[in-house]
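Here the protein sequences come in this chain order: A and B.
Count along the first sequence starting at 1, add 186, and that's the number in the numbering used here.
Count along the second sequence starting at 1, add 68, and that's the number in the numbering used here.
It is worth saying that the hints were derived from the structure and are not from the lab.
Computed from a predicted model, the values in this text were never measured in an experiment.
All clues given are correct.
Every beta carbon over 12 Å from chain B, so not counted as near; a handful from chain A, in silico:
1. ASP204
2. VAL205
3. GLU206
4. THR303
Subject to a maximum C-alpha distance of 27 Å in a straight line, what follows is the list of computed BS3-like cross-link-like pairs (lysine-lysine):
5. A:LYS201 <-> B:LYS110
6. A:LYS243 <-> B:LYS113
7. A:LYS243 <-> B:LYS70
8. A:LYS197 <-> B:LYS113
9. B:LYS70 <-> B:LYS113
10. B:LYS173 <-> B:LYS147
11. A:LYS243 <-> A:LYS203
12. B:LYS110 <-> B:LYS70
13. B:LYS173 <-> B:LYS70
14. B:LYS110 <-> A:LYS197
15. B:LYS113 <-> B:LYS177
16. A:LYS197 <-> A:LYS243
17. B:LYS173 <-> B:LYS113
18. B:LYS147 <-> B:LYS113
19. A:LYS243 <-> B:LYS110
On the chain B side, residues computed to face chain A include the following (Cβ under 8 Å):
20. LEU155
21. GLN165
22. GLY169
For every residue, glycine included, the Cβ atom is placed at its ideal position computed from N, Cα and C.
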Amino acid sequence: GAGVSQSPSNKVTEKGKDVELRCDPISGHTALYWYRQSLGQGLEFLIYFQGNSAPDKSGLPSDRFSAERTGGSVSTLTIQRTQQEDSAVYLCASSPKFERGGLYEQYFGPGTRLTVT
Amino acid sequence: RKEVEQDPGPFNVPEGATVAFNCTYSNSASQSFFWYRQDCRKEPKLLMSVYSSGNEDGRFTAQLNRASQYISLLIRDSKLSDSATYLCVVNRDSNYQLIWGAGTKLIIKP
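Bound conformation, chain B alone (with noise of 0.2 Å):
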């Protein structure tokens, strides 16, 4: 089993909706979480870091379940520029190392 699985989409959404994914993680002394953002042939770029309670920016939404070891990512309002890969990130017992999922594909439709 990966340390971190994501569902590899690609998710085929209509520009308006709203979409969500999860992404799980096996290790459960992991104490970070974060939401990166990788456009085609370009590097990641943070999207959000997960907190323990929740937390929002702006149409993102992010979640973390620790009993059940899964954090999600939630985009309301779709736009056509959200279109890109979503990597769920989490580190390795409480240091440096994060391990990185695959990526989930968001495809925005007009």
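Isolated chain A (complex conformation) (with noise of 0.2 Å):
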């Protein structure tokens, strides 16, 4: 079946524009995750959705960073006047669900890499 796609798979742009980076998760996972990964460095986590529930926003490093989840599917990351401290590989991860106990496997997109100039 459909993995978990990501649009764009690449972005370029200028320091000071906003941009929106989309993830369609895999149908019928309820709980999505956003990562940022720098060059050599671990992902980093920054916001969860799990069903109808408020999302997890703890790890958004600034307030111009802000996703949105509609229908329990399809999420929106957007950063607003992006920094070139931005740049990174962001990736989104969906599971069936989280269980206090245990954890499903998280299934990752192909990523967007995203370079501010």
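Need the complex rebuilt from these two chains, each delivered in its own frame; the hints are there to steer you.
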């Protein structure tokens, strides 16, 4: 079946511009995560959505970052007034659900490579 | 100190050899542990979960040492296709947030 898809695959933008990154999770997956990964670094948690619950936004690095998930499916990560330090690969992952005491495998999309010039 | 630490490598290993690397974590309340594999410019993919009693999947063996707070990954009879970055992943406390190590780069040479 279809995996997690992300668009665009690459985005080059000028400093100060806004960007929107899109994630289509696997159908039926209730949990959705956004991460970013800088070159040679581990994944940095940004935000988590689970069903209709309020999202966990604790990982968002500044108020320039926001995300929404419409209809429990597609998610959009928006970065306003982009800075050069925002350059990274932005990865989206989905999983069937999280249950306390257990974690389900996260399935990742191919990522969006963002370059801020 | 980072919550999850890994030797970045690279580990240069001849084909057919056995290689092992560790990952240390700082939160003693962590309950879930994983090894993910990430190929160059690709997304991470789950290699294996790590269970308390240790577990094996073909050529791969994962171990957990709670007392010393580390997990390990052993790869036997290494193949060229094992070349990748191996990411250690630990959950934060008992919630859904996963903390990712920066990865250990493994290069298998013919």
